[in-house]
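Trainee: Sequence:
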Amino acid sequence: MSEEFPELPESEQEARRLTVVLLAVFVEGGLLIAASLLGWMLDQPPLRFFEWTLRAVLWGVVAALPLLALFFVFQRWPIGPLRRIQRFSEEVIRPLLAPCSWIDLLGISALAGLGEEAFFRGVLQEAVSRWFNNVWAGVLAVSILFGLVHSITFTYAVLATLMGVYLGCIWLYADHNLLVIVITHALYDFVVLLWLLRGPGAAEALDALQARQETEKMEGPK
Numbered sequence: 007m008s009e010e011f012p013e014l015p016e017s018e019q020e021a022r023r024l025t026v027v028l029l030a031v032f033v034e035g036g037l038l039i040a041a042s043l044l045g046w047m048l049d050q051p052p053l054r055f056f057e058w059t060l061r062a063v064l065w066g067v068v069a070a071l072p073l074l075a076l077f078f079v080f081q082r083w084p085i086g087p088l089r090r091i092q093r094f095s096e097e098v099i100r101p102l103l104a105p106c107s108w109i110d111l112l113g114i115s116a117l118a119g120l121g122e123e124a125f126f127r128g129v130l131q132e133a134v135s136r137w138f139n140n141v142w143a144g145v146l147a148v149s150i151l152f153g154l155v156h157s158i159t160f161t162y163a164v165l166a167t168l169m170g171v172y173l174g175c176i177w178l179y180a181d182h183n184l185l186v187i188v189i190t191h192a193l194y195d196f197v198v199l200l201w202l203l204r205g206p207g208a209a210e211a212l213d214a215l216q217a218r219q220e221t222e223k224m225e226g227p228k
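All residue numbers for the sequence shown refer to my numbering, where the first residue is 7 and numbers rise by one.
Don't read these hints as lab results, they were simulated from the structure.
The C-beta atom is built at its ideal place from N, Cα and C for all residues, glycine as well.
All clues given are correct.
Derived CB-CB ranges, DEER-like:
1. Leu178 x Ile109: 30 to 36 Å
2. Trp83 x Leu48: 40 to 46 Å
3. Leu178 x Ile39: 21 to 27 Å
4. Glu16 x Ile158: 27 to 33 Å
5. Ile109 x Trp83: 30 to 36 Å
6. Leu74 x Leu24: 27 to 33 Å
Starting from the given sequences, assemble the full structure and let the hints guide the process.
Mentor: Structure (structure tokens):
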């Protein structure tokens, strides 16, 4: 369990941690089950091209680097609508995941990478590409859907769509080996979550947020 945020009683931290972990398992694990069922119905098993090779692992790690570079650029210069995304991350995601350990974050990230990529790329992108007999139709259509289900804000939805295009293209050029984009997606999520919760000033920012919320609660509605 995390010891970065000791102001919560240990029992409450553990309860919140378990809630978050179970929610992630339910949602992302549910996507993996949905991918398997839909893949069976469409004769498109999502894991049929899943190959454990060193080359695939390296591909996945290297492919995550541009995404992480953009993340840190946006963190450093959150201009315009990017500020809303940063504020959402700091005021919603950070408190939600604060009790989680880095092992929890790794597990959540790995499950998100596997579940989402199996569903969106492993099944849907391949199926749409076959229906239209055009791989780029599959990339574009599924990337738009990927953006829509990540529509925290309009800007975030656009960025998620672009990320979907990127992952879809990587998958094509990696000979449809799902392991590549699972690693890319999972590594990106893990580094982002680790930075958000353990990065410079994270604990102080969470303390300040909780203090402000407590003050607002005591003052009541105005």
